[in-house]
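Student: Using the sequences provided together with the hints, build the complete structure.
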Amino acid sequence: MLSDWGAVFLFFVAAVIFSAGGVVTGFVLAPRRTTAQKVTTYECGVDTIGPTWVQFRTSYFLYALLFLIFDVETIYLYPWAVKFQSLGLFAFIEMIIFLFILIIGLWYAWKEGALEWM
Amino acid sequence: MADYRLPEELMEALKSKFPGMEVSERQDVTLPLDDLVPFMTEIKENPDYAMDFLTNLTCVDYPDYFEMVYNLVSFSHGYTLMVKTRIEDKENPEIPSLIPLWSGADWQEREVYDLLGIVFTGCPGHPTRIFLEENFKGHPLRKDFQWEGGREP
Amino acid sequence: MIDFTLTLLNSISWVAVAFHTLAAVVCISALLVVLVRNIVHAVLWLAVCFVSLAGVFMTLDAAFIAAVQILVYAGAVCIMVVFAIMLIRRGNMGETNLFNKQVWAGGGVAVLVTVLGGFLSFRIRYAGSAPAVPENTVDHIATLLLSKYVIPFEVAALLLLVALVGAIFLAKEVKADADS
Amino acid sequence: MLTLSVSLHHYLILAAVLFGIGLFGVLTKRNAVAVLICIELMLNAININLLAFNKYITPNDFIGQIFSIFVITVAAAEVGVGLAIVIAIYRNKLSVNLDEFDWLKW
Amino acid sequence: MKTQTYYLNLGPQHPSTHGVFRIILELDGEVVVKATPVPGYLHRGIEKLAEARTYTQVIPYTDRMDYLAAMLMNWGYVEAVEKLMGIEVPERAEYIRVIVGELSRIASHMIATGAYGADIGALTAFTYTFRDREYVIDLLEMVSGSRMTFSYFRIGGVAADFPEEFYPAVKKLLDQIPAMCDEYDGLITGNEIFQARTKFVGIIPPEVAVDYSLSGPVLRGSGVNYDLRKVRPYSVYDRFDFEVPLGKNGDCWDRFRIRIEEMRQSKRIIEQALEQMPEGPVLGKVPKVIKPPVGDAYAEIESSKGVYGCYVVSDGSPKPYRVHFRRPSFINLGYLGKLLEGWKIADVIAILGSIDIVLGEVDC
Amino acid sequence: MFGQGLLKGLEITWGRLFGKKHTVNYPYKRIEMFPRFHGRFQLDVDKCIACGLCVNACPNKVIEMEREKVGKKQFLTKYVMRIEYCLFCGLCVESCNRDALRFTNVIDMNQYRRKWVRLTLVDRPAPEAEETPEEAPAKAAKAEAAAGKAPDKEG
Amino acid sequence: MDVKKTAHPVEELTDDPVVIDQVKRLIHIAPLEKLFDYCRARSLWPFGFGLACCAIEGLMAANMPRFDLARFGFEVMRGSPRQADVMLVCGTVTWKAAPFVVRLYEQISEPKWVIAMGSCAISGGPFVDSYHVVPGVDKLIPVDAYIPGCPPRPEAVIEGWLMIKNKILDPKVVNKIRG
Amino acid sequence: MGENIFVDFTAWLRGLISGLGVPDLFNDIILMIVKLAAIIVFIALNATWLVYMERKICAYIQSRVGPRHHGPVGLLQPVFDVVKLMTKEIVLPKNVDLVVFLLAPVLIVVPPIVAYSVLPFGKDMVAIDMNIGLFFLVAVTSLSTIMFWMAGWASNNKYSLVGGMRVVAQMVSYELPLVLAMLGVVMITGTLNLSEVVNAQKNVWFIFAQPIAFLIYFIAGVAETNRPPFDLVEGESEIIAGPYTEYAGMGFAMFYGLAEFANMMVISAMCTVMFLGGWLAPFGLTFIPSWVWFFLKMYLVIFIFMWVRWTFPRIRVDQLMGFGWKVLVPLSLANIFITGTGMYIYRAIGW
Ligand code: SF4
Ligand code: SF4
Ligand code: SF4
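First to last, the protein sequences are chains R, L, B, W, P, Z, D and Y.
The first sequence begins at 1 in our numbering and counts up by one.
The second sequence begins at 1 in our numbering and counts up by one.
The third sequence begins at 1 in our numbering and counts up by one.
The fourth sequence begins at 1 in our numbering and counts up by one.
The fifth sequence begins at 1 in our numbering and counts up by one.
The sixth sequence begins at 1 in our numbering and counts up by one.
The seventh sequence begins at 1 in our numbering and counts up by one.
The eighth sequence begins at 1 in our numbering and counts up by one.
Restraint ranges, calculated between C-beta atoms of paired labels, are given here:
| # | chain 1 | residue 1 | chain 2 | residue 2 | range |
| --- | --- | --- | --- | --- | --- |
| 1 | L | 62 | P | 86 | 18 to 24 Å |
| 2 | R | 47 | Z | 122 | 46 to 52 Å |
| 3 | R | 34 | L | 75 | 57 to 63 Å |
| 4 | Y | 72 | D | 16 | 44 to 50 Å |
| 5 | L | 77 | P | 203 | 23 to 29 Å |
| 6 | R | 96 | Y | 15 | 49 to 55 Å |
| 7 | P | 195 | R | 96 | 35 to 41 Å |
Source of the hints: derived by calculation from the structure; they are not laboratory data.
Bear in mind that the values here come from a model prediction, so they are computed numbers and not experimental data.
C-beta: ideal position from N, C-alpha, C; glycine also.
Tutor: Quick look at the structure:
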C-alpha cells in the first residue's frame, strides 16, 4: 500500500513540476529583449538611492519571536485537544496552567511594548 | 462690496514709521528694499495689524527692476494688504527671505527663485530650484529668457 | 518484460528508496548551509533541510513530529533567523557566511565525531526490524504527555516563558535605543 | 537487483553525519547567526536518533516522540534567546563576527 | 540600536501620488525620518505661455491647472482681469458662475473623496464617486461642451447661457446629492478601519496651518474658519446662506470629512442660486479687443483646494505682461515634508491624499 | 458599537451588487452628445468668407489657413486644423460670426500615425478665375502664421 | 543532421546573439504566434501611469462605471511596469519627466504598446511652445496609437484600445487612415 | 445520482488497473496520480474561474458590468489573460538574486497544492485520508510565508523588500489565531482527521457551536491570504505590488493568479470543513451530491471574501499587528477556555 507520506511526496513533486512547468513555458514562449534600462530596478521610474538590502527594525524580530514561542505551544495544544474529552479534568487544569504560563509571556510582551509596531 | 483695506489711521501710523513707503490709491504699499523686513515684522507682530497669513508672493520682471509682490491677510481683523518692493539690481537680484516670519514663504520663494532667479538671503540652503532641474539654464519668467518651442511646421 | 519490471518494482523497498533520497537531500542541504557564502541562502537551504528531515521523520512513522518539524522549524525558526539577519546585516550580502581560521581543525573534529558516532551506532543491537505502525500517534502522545510526563510538560511551558521574557528583554533594549 | 533497505543503523548514520556537519559549522563559522543555525542542525540530528530509537526499539512507548517534542521546544527557545543575544551583542559591537569577540570564543 | 535608514522614492510614477510627484523618503523600517517632496514633473510654464497669449486666450490655459475644478480656475483669472479693467459682470452671469463653480467644486470634491478612499484601499468608493461625478460632468458639458477643460468663462461674463434642458437636469442631480453623500459616508467615513487609518494621523495644528499659508479644506480641517466665500464674499456669495464646515483635530479625517460636508453645502448654494437667478445677459459690456489699462490686479477666489489667487500685470497691450497664479495645492504642499516626519509609509499616502493635490496646479 | 460601520459598508455594497448598472455599452451603444459638445471640427466651406478671425482667436495657432483673392472675394484654398495642438476650447468657433466653423459630435479622431491626426478641412485649388495680382493679403496671412511658429519672439 | 553542421540561415545575416535567438525562437513558435496574438489582443493590461489632466479621463473615467473598460478586459491596472502591456501616455510630458517616462517604457516587459492620449502626449499640445514640455511623446518612445483631444472623451480612449487590439490582430491596419 | 460518481470512478479505475496485474502499490500510485492531476486541474480551472468571478463581482459591486465582450459574457477573459501572461517576457532585472528570484514563484504554489491532498471534497472524496490531516494542513500552509519572503528579498527592490517583510510579519501573526481557532473544533471532535471532523457535524455545524472561533478563523483567513482589508503586502497604493513588483509574465501569474486564489480556496475549503459542515447537506437535502454541497459552501465563503474585499479599506500595518496580537490571539485563547469549560458544564448537566 501507498502510505500517507508517499502520497504527500507525490503531491509535492507534482506541485513543483506543475509550477516549474508554468514558469518554463513562460520562458519558452515569451519574446525576450533586454536593454540596459529594462533590467534596472523599478522604483517609480527613477534611480534607487542607496543600497537596497537594508537593515530592518527590531519589531519584526519580536513578532517572529512571539510567533515562534506560541507556535511551539500549539504543538502541545493539539494533542491535548484531541484527547481532551477522554483525559479528564486534571488534564484540562494542566493545560490551563500551561496556557496561563504562556499568557504571562504574552502579557509581558504586551507590557514591554513588543506588540507595538514601530 | 465690503472694504477690507487697512483703516486710515493704521496706515498713517505705518507711514510715520516707514517714511520711505508709498501708498497707491488702491492701498498697495511700495517699500524700499531695506524697509521690507522691518515693515513685515511690524505688520505681523503688531496686534493692530496681525497680518498672520501670507497669501501670495510673487515677482514681476519689469524692464528696469524686479518688483516683489506680497499679499497679506489678517485673520483677526480681516484686512488685506498688498506690499510691493523693488529690486533695482537686475544682474544679481537679492532680497531677504521672509521664511522667519511666515514659513509659507518657503515654497513660494523657491518658485520665484526658480522661475525668476531672485535670490532670497537669510536662510542657508535656500532657495533651491523647485520645478526645474538643477542644471536648467536661465530663469524662464524673465523677459529675456530665450528658448525653443517644439512646434513642428 | 512487463512482468519483470513489475516484479522488480515490487521487490524494491520504497521506504528505503525514500529514505535514501531524503537522507541525501538532508545531507547535501545541510552541507550547503555550512558552505554557501551568503547567509540568506544558508537559511533557505536550512529550510530545505528541515522539510526533507520532516520526510525522514515520516519514514519513521512519526507523522505528527514531521508536521511539527515543518511547522516549527521551517515555518517559524527560519523566519526568525531571517528577521535576525535582516536586522543585523550591514553591507555586502555575498560575504556573510564565511569560515573562520579553524576550518581544518574544526573539520577534523567534526569528521572524528561523525566517524565515532557512526561506529558506535553499529554496536547497537535491537530486536525486530520493522514493527507494526501504531495508529494515532497523537492520541498516545497526548495521553503520555499529560500523565506520565506532566512535569516536563509544565517545565516546557516555563522554559518557553523564560525564553520569551529573556529574548524580549534582550531585544527590548535594542528597541529602546532605537527610539532615542 | 536493488538491495536497498533501511534499518536503525541507517538512521543513526544519517544522524551522525548531520551532527558532524552541524558541529563543523559551529566550530568554523564566523557569523554568530550561522553558528546558531548549525546548532539547530545538531539538535535535529538528535531528533532523528530519538525517533529512530522510538520506532525500532520501543515502538509502543512513544518516549522518543515525546522527547523529540521537548527537544524541539528547547531548540525553539534556544534560537529565540540565542538570536536575541546576537542582536544585543551586535548593538554593542556593530558586528556579529565571532572572531572579534575574544570573550565569546570557546 | 540605530538601524540604517534607507531612501525610498515614492513617485514620480506611483499609484497614489495623484500624478507625477515625487517624495524622497528617508525611512527607518517603515517610519519616515525625513521626507523631501520634489514637484515639477508637470511644470508646463503656463505663466510664461500666458505672456504670449491675449487675455481671452489665457482662459483655456487656466483650465489646465486644476483640471478637476476647471471652472473655478477660470473664475479666478477672469475675476482678476475684470478687476483690472473695472468691468461690471451682469447679475445673471454671476449666478451662472456660482452655479457652475459650485458644480465644479462638487465634482472636484467627489474625486478627492473617492481618490482618498482609493488611497486608503477602498477602491469601490472611488468608482462610486466617479459614477456620480459623471452626472455632474454631464451638466457642465451641457453648458460648456467639454468634460473637463471647460473654458466657459469669459472676461465680463460667461460664454453662453444655460441651455433649457439644464434646469431639470440640475434639479434631478441636486436631489440625489444628499443620497450620494450618505453613500460615501456609509462606505468610507463611517467605516471603522477608515477611521482608524485617518483619525489623529497627520495632525496640522491651526497655528502651523496659518504659518504655512495653507488654505482650503486643509486649513479648515485644523479649525481655522477661513473661507473666502464667507470671509470676503466675492461675486454674489454674500446672498447665499451656507455653512463652512470646520474640523476639530486637524487630522486627515477632518480634512476628508470637510469635503463631503462642503458638497452638501454646495448643493444648498446651487439651490439658492437657481431660485434667485435673474434674467438678463450673460456677457457684460466688453470691448472686442481686451486691452486693460496699465496696472496690476490681484483677485482671489475660494477654489476647491483653497485660496486661488491670480495676479495680472498689464502694460496696456492686448497681452498680459505677467500673470501669476497663487495655486492652493502648491502652497498646501509646502508643509508636506515636515508633516510626514514620524509617520509610516501607509500614513504618507493617507496624508498626501488628504491634502488633495492636483499636480497640474502644483506645478503650473 | 464597533463594527457598525463595517456592516453598513457591507450593506451598501450588497445593495449595489444587485443595483442598477451605470455602464453604457460603448461601441454598440452610444451616449448622446450634447449639442454644445466639442468634437471634431466641421467647416461649412460655402459659409466661410476666409476672414481669418478664427485663426486669430486660437490660443495655440492651431488653424492654418490659406486664401487667395479671386475677383473681389477671398477664396479659401486651404484650411488645416492641426488638432494635435488643439485645446478644444471653442474660441475659434465662437469667434466665427458666419457660423461656418462648427463642432460636430464626432468623438473618434484617433489615428495610427501622427501625421494623419491633423484635419484638412479644405484643400482645393483656387478657381481658374482671372487671378488678380493682389495676393498681398494671402501672403500676409501666411507670414503671420509663420511668425506664430516662433512665439518666443513675442516674449 | 545536416542542419546542425550548417549555420542557421539567420546566422549568416547577423552576429547579434540576441537577434539569432529571437529569430530561432520565432521560427519555433511561429505557428502559435497567431494564437498568442489572438489572446494578447484581448488581454491588454494598462500601466497605471497618469501624467496630467488626460489621466482623469483616460485612466480613471474610462475604467469607471459609465465607460468600463473592464468589459474588454483592459482594466487590470498594474502599478508596476513589469506586469503591464500598454502604456497609456496621458498627459504632458515635461523634460524633467522625460527620463523616467523612457525608463518606465523600457521596463515594461515585452510585448508592449504605447498609446499617446491627448494633444499633449501627441505633440506637446497646448504647451508645445513651452520651454519645459516635450513636443510629443513619440520623440521619446515609439507610439502605436494617437488619440487627439484635450482631453479626449473616454469613448475615444476606448476606441484607442480597440485600435491597439486591431493592430495586434492585423498589423497592416496601421497603414490605413481611419475615419 | 451523481453522489458517488467520483468514488465509483476511482473504484472502477482501480479494478481496471489491478485487472492488468499491476501490483497494489502501483495501482495506488497510478490512482494517486490521477487524483493529483484532477486536483491540479481543479485548482487551475478554479483559479481561472475565480479571476473571472472576482472581476465580475468587483464590477457588479461598483455598478459596472465587468468582462463582457471576450467570450460568452466575458467568460474567456481569464483564459486570454493566462495565455497572455504565458507569452509575456519574464524580465530578469540585474542585481536580483537570480536563483531565489526564480524559485520563489515556482515554490509558491506548492504549499496550497499539497494542502489539497488532505481536503475532503465530498463523501469519501479525499486524496489522502490522513490521521493528522488538520495539523498537516496547518504545517504545510505555514510554508508559504517563506516563499513570499524569498520573492521580496530576491527582487532587490525596496518596495519588494518592504512588502516581503510585511508579508512575513503579517502571515506569522495571523497564523497563530488561525491555528488556535481551529483548536476549539478539535476539542469538540477529538480528531485531527478532516473527514471525521465533517462527520462530527452531523447534528450541528460548528459555526453555531463555535461562533467566536469561526469569526477569528475568518478574519485570520483573510489575513493569511493577504486579501483586503489585510492586503498590505500588495498594498497597490503604497508599495506598488509588494514582493511581486519585479515579477513579470508567468512569474507574476504564479503569485497573482494561482497562489492567491489557490490559497484562498484552501482557506475557504478549510472553513467549510471546519465550520460549515463540509459536504454535509443542510436541511436533509441529500439528493444533491455531497461534493456539490461542498463547492456551494466553499464558494459562499469565497464570495464573502470578495464582498469584503471590495468594501473595506486597507488597514495599516501597526493596526494589523496590534489587532492580531492584542485582539485575536487573546480571543482565541479565551475561546479555548470557554470551549473547555463549556464542554464540562455541558457534560455535567447533559449526562
Ligand atoms: S478649439 Fe481652441 S485651440 Fe482648437 S482650434 Fe479652436 S481656438 Fe484653437
Ligand atoms: S472665422 Fe469663420 S468665416 Fe472667418 S475664416 Fe474662420 S471659419 Fe471662415
Ligand atoms: S491634452 Fe489637454 S487635457 Fe490632456 S493633458 Fe494635455 S492639456 Fe491636459
